[in-house]
Amino acid sequence: VLNVLNQSSRSSSWMLIEGNYTIGRLTEHEIILDDVTVSRNHGKIVIESDNSKIIDNNSTNGIYINDILIKDSTEIHSGDKIQIGKFLLLFTKV
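The sequence shown begins at 768 in my numbering and counts up by one.
In short, the hints are calculated from the structure, not lab data. Hints should not be assumed to be uniformly reliable.
[Unchecked claim] Each computed DMTMM-like pair below joins lysine to aspartate or glutamate, with the alpha-carbon atoms no more than 25 Å apart:
| id | residue 1 | residue 2 |
| --- | --- | --- |
| 1 | K853 | E842 |
| 2 | K811 | D801 |
| 3 | K820 | E842 |
| 4 | K811 | D839 |
| 5 | K853 | D802 |
| 6 | K848 | E815 |
| 7 | K848 | D834 |
Start from the sequences, fold in the hints, and give me the full structure.
Structure (structure tokens):
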């Protein structure tokens, strides 16, 4: 589950099952974060049975995991806080 902690968006929570989820401002993305601080094609979350990762797609403002700027692809764990633009998100594996 991915929950927005600090801003309202089109949806404030997404149930993530195994698969790929694109993140950005464009309406064709699975995770839409509509703000100028978010790139049109900001990144992607990949959920697999044994691990999960987030990938930065050369976004302008980057992706932070627990206040650390990531480079390219980083594994994410339940309880991680993800900062994308002005949005603070909480990733929870259920």
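Verification of the hints:
{"no.": "1", "hint": "K853 to E842", "result": "21 Å, holds"}
{"no.": "2", "hint": "K811 to D801", "result": "15 Å, holds"}
{"no.": "3", "hint": "K820 to E842", "result": "4 Å, holds"}
{"no.": "4", "hint": "K811 to D839", "result": "10 Å, holds"}
{"no.": "5", "hint": "K853 to D802", "result": "8 Å, holds"}
{"no.": "6", "hint": "K848 to E815", "result": "19 Å, holds"}
{"no.": "7", "hint": "K848 to D834", "result": "8 Å, holds"}
The structure meets every hint from the earlier list without exception.
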